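Let's have the full structure, built from the sequences with the hints guiding it.
Per the numbering used here, the very first residue in the sequence shown carries number 1; after that it's consecutive.
Check the hints yourself; a few may be wrong.
What the hints assert, rightly or not - Across the chosen pairs, the derived CB separations fall in these ranges:
| id | residue 1 | residue 2 | range |
| --- | --- | --- | --- |
| 1 | Gly20 | Val50 | 28 to 36 Å |
| 2 | Ala23 | Gly53 | 51 to 59 Å |
| 3 | Ala9 | Ala29 | 27 to 35 Å |
| 4 | Thr24 | Val50 | 51 to 59 Å |
| 5 | Pro66 | Val16 | 30 to 38 Å |
| 6 | Val61 | Ala26 | 22 to 30 Å |
| 7 | Trp51 | Ser13 | 38 to 46 Å |
| 8 | Ala10 | Leu56 | 54 to 62 Å |
Hints are computed from structural coordinates only; laboratory data are not their basis. All values reported here derive from a predicted model rather than from experimental measurement. We put the beta carbon where it would ideally sit given N, CA and C, even for glycine.
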Amino acid sequence: MRGIALSLAAVMSLGVAVAGGRATAADRAAHRRPVANPEVPATASPAGRVWYGGKLAPIIVVASPPERAAARPAGSCLPVGG
1 MRGIALSLAA VMSLGVAVAG GRATAADRAA HRRPVANPEV PATASPAGRV
51 WYGGKLAPII VVASPPERAA ARPAGSCLPV GG
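Dropping the structure here:
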């Protein structure tokens, strides 16, 4: 009985490995299909472009604190109820 269980487990493991290999091969083949129109239209705005690295210009954010934060001293904590 132990031999049958071991043989069945080995066959099922090999079957899963073969099925996984075929699924991977099919997925890779799907990415190799030719595209009908390989020309990519140029985008007018830089928002659609992909950034490939390099140095970006620094971004400076200027904001004023909310009114509630400006009204109390810097070291104070909020009361328990508010």
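Q: Indicate whether the distance between the beta carbons of Gly20 and Val50 respects the range 28 to 36 Å.
A: holds, 32 Å
Q) Should the hint that Ala9 and Ala29 are 27 to 35 Å apart at their CB atoms be regarded as holding? A) holds, 31 Å
Q) Per the hint of 22 to 30 Å, is the separation of the Cβ atoms of Val61 and Ala26 within bounds? A) Violated: the Cβ-Cβ distance is about 48 Å, outside 22 to 30 Å.
(Q) Quick check on a hinted range of 30 to 38 Å for Pro66 and Val16, using CB atoms only. (A) violated, 58 Å
Q. Measuring from beta carbon to beta carbon, are Ala10 and Leu56 in 54 to 62 Å?
A. holds, 55 Å
Q: May I ask you to test the hint 51 to 59 Å on the CB atoms belonging to Thr24 and Val50?
A: violated, 27 Å
Q.
The hint says 51 to 59 Å between Ala23 and Gly53; measuring C-beta to C-beta, is that right?
A. The hinted range 51 to 59 Å is violated for Ala23 and Gly53, with Cβ atoms some 33 Å apart.
Q: Starting from the range 38 to 46 Å, see whether the pair Trp51 and Ser13 falls in it by beta-carbon distance.
A: holds, 44 Å
The structure fails to meet hints 2, 4, 5, 6 from the earlier list, while all remaining hints are met.
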